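Peer 1: Let the sequences and hints guide you as you build the complete structure.
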Amino acid sequence: MKEVRDSASNCSSLRRKLLRRLEPIELRALDDCLELFADTAAELSQIVADLSASKSPETSYYDDLQTLLSGAMTNQYTCLDGFAYSKNNTRRFIEGRLKRISRHVSNTLAMVKKLKRKSEAEGDQVPAYGAGEMRNGFPAWLKKSDRRLLQAPANQTRVDLVVSQDGSGNFTTINAAVSAAPNNSDARFVIYIKTGAYYEYIELERRKRNIMFLGDGIGKTLIKGNRSVVDGWTTFRSSTVAVVGNGFIAKGITFENYAGPSKHQAVALRSGADFSAFYQCSFVAYQDTLYVHSLRQFYRECDVYGTIDFIFGNAAVVFQNSNLYARRPNDNQRNIFTAQGREDPNQNTGISILNCKVAAAADLIPVLSRFRTYLGRPWKQYSRTVFMFSKLEEVVDPKGWLEWDGDFALATLYYGEYRNRGPGSNTSARVTWPGYRVINSSAEASQFAVADFIQGNEWLPATGIPFYPNLTAT
Numbered sequence: 041m042k043e044v045r046d047s048a049s050n051c052s053s054l055r056r057k058l059l060r061r062l063e064p065i066e067l068r069a070l071d072d073c074l075e076l077f078a079d080t081a082a083e084l085s086q087i088v089a090d091l092s093a094s095k096s097p098e099t100s101y102y103d104d105l106q107t108l109l110s111g112a113m114t115n116q117y118t119c120l121d122g123f124a125y126s127k128n129n130t131r132r133f134i135e136g137r138l139k140r141i142s143r144h145v146s147n148t149l150a151m152v153k154k155l156k157r158k159s160e161a162e163g164d165q166v167p168a169y170g171a172g173e174m175r176n177g178f179p180a181w182l183k184k185s186d187r188r189l190l191q192a193p194a195n196q197t198r199v200d201l202v203v204s205q206d207g208s209g210n211f212t213t214i215n216a217a218v219s220a221a222p223n224n225s226d227a228r229f230v231i232y233i234k235t236g237a238y239y240e241y242i243e244l245e246r247r248k249r250n251i252m253f254l255g256d257g258i259g260k261t262l263i264k265g266n267r268s269v270v271d272g273w274t275t276f277r278s279s280t281v282a283v284v285g286n287g288f289i290a291k292g293i294t295f296e297n298y299a300g301p302s303k304h305q306a307v308a309l310r311s312g313a314d315f316s317a318f319y320q321c322s323f324v325a326y327q328d329t330l331y332v333h334s335l336r337q338f339y340r341e342c343d344v345y346g347t348i349d350f351i352f353g354n355a356a357v358v359f360q361n362s363n364l365y366a367r368r369p370n371d372n373q374r375n376i377f378t379a380q381g382r383e384d385p386n387q388n389t390g391i392s393i394l395n396c397k398v399a400a401a402a403d404l405i406p407v408l409s410r411f412r413t414y415l416g417r418p419w420k421q422y423s424r425t426v427f428m429f430s431k432l433e434e435v436v437d438p439k440g441w442l443e444w445d446g447d448f449a450l451a452t453l454y455y456g457e458y459r460n461r462g463p464g465s466n467t468s469a470r471v472t473w474p475g476y477r478v479i480n481s482s483a484e485a486s487q488f489a490v491a492d493f494i495q496g497n498e499w500l501p502a503t504g505i506p507f508y509p510n511l512t513a514t
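If you count by our numbering, then the sequence shown holds residues 41 to 514, one letter each, in order.
There may be inaccurate statements among the hints.
PhoX-like cross-link-like pairs, simulated, lysine-lysine; straight-line CA separation at most 20 Å [what the hints assert, rightly or not]:
1) Lys397 <-> Lys439
2) Lys260 <-> Lys234
3) Lys431 <-> Lys397
For the record, the hints were derived by calculation from the structure and aren't laboratory data. Everything numeric in this text was worked out from a predicted model, so none of it was measured.
Peer 2: The following block contains the structure:
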């Protein structure tokens with residue numbers, strides 16, 4: 041904790057000293073670091089509280105500890121990523137201390153993983169806050185009332201605030217409604233956002249917990265922005281909507297960044313919220329559309345559109361029954377569906393694509409032969425991504441996967457394919473990297489199903505929305 045506080049102090053001091061000498065994107069990168077240090081401090085404090093509350097190591101919540109530590113480490117690397125376009129030595133001033141923090145977290149991750157394995161070997165039942173348990177086809181961390189919210193039409197749902205551009209609601213902007221929402225709430229707070237295009241930049245900070253955005257449907261309720269790296273924003277700060285408060289839910293909303301393919305990184309949505317769930321939403325941009333930054337996330341019946349690395353980050357995230365669409369990029373570009381950012385072999389993070397459609401968007405189909413499209417590439421050393429039981433259309437290059445930079449991470453990544461179908465699923469011409477595998481074992485594949493990957497311990501019959509804990513619904 042002292043290292044984190046010292047890093048934050050160092051970062052603040054550096055910002056003051058160099059205020060007039062830094063480019064806007066460098067100042068924003070320092071602001072990112074300050075926010076990320078605060079998130080790290082909160083996560084480490086939660087770990088200390090969890091350990092203090094445990095009667096013995098056997099009752100520790102290992103999955104939660106591993107998740108929080110994974111998030112804390114991701115924050116440090118995200119801070120450094122913000123200086124990718126820096127023209128001076130700003131990064132060097134903070135890198136040393138961040139590496140020390142990451143080393144401490146890495147050592148702790150290794151110890152937690154060993155304790156978890158020991159507990160499992162001894163047959164202990166390790167609770168995880170009910171994080172992955174399923175009830176009536178929904179994660180148990182969604183309360184019964186939340187499950188009703190996900191199933192009911194917006195106009196038949198009890199809501200706390202209404203946002204409408206015509207003045208018929210409580211507010212005309214989403215930001216005003218978020219500001220009015222309670223802080224640190226244990227109860228679900230529902231903000232109904234009526235049909236319309238809302239040009240706003242929204243951040244639900246850590247204290248805005250258990251917020252739900254309820255829209256009128258994909259293409260009806262839209263939240264739009266156009267920040268980009270080219271225009272001086274860090275990738276982290278370019279998002280139209282950013283969610284950090286735990287327990288966030290969205291239904292029936294389009295999140296869009298319309299900056300365009302020439303603006304490079306331009307995020308539609310960033311989530312670093314534990315237990316965040318997105319149902320019947322769409323995410324529309326080009327490069328870096330959906331930033332699944334950290335912690336546990338779940339996406340169901342969503343559409344994701346993009347070009348380069350358009351699902352990226354270091355969350356433990358499962359996409360079920362969703363559609364991933366590659367758009368037409370610029371003439372000198374290629375499409376890559378994923379760029380997973382796992383930095384440490386003991387992080388419990390990765391991207392799991394289960395029973396999804398992987399296809400070309402309407403604008404790419406007429407020119408499909410002109411652009412190569414890949415399932416993913418390794419953003420970080422221990423990148424981990426799997427495609428399972430999914431329909432891979434002809435948009436997928438026979439090679440399947442793309443290098444990031446030469447042989448970087450090719451031996452340490454984990455890229456897997458399991459029982460996919462469609463013209464793009466033939467693995468005979470796939471890459472032969474040490475870290476790539478065609479998964480042949482259901483036991484190996486099951487690690488990335490909801491039950492294991494985001495701790496989904498129990499499922500009950502679906503109530504109109506067929507969630508499933510294992511590899512298939514049957």
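Peer 1: None of the hints should be skipped; say for each whether it holds.
Peer 2: Comparing the hints with the structure gives:
no., hint, in the structure
1, Lys397 <-> Lys439, "holds (18 Å)"
2, Lys260 <-> Lys234, "holds (8 Å)"
3, Lys431 <-> Lys397, "holds (5 Å)"
Violated hints: none; the structure is consistent with every hint.
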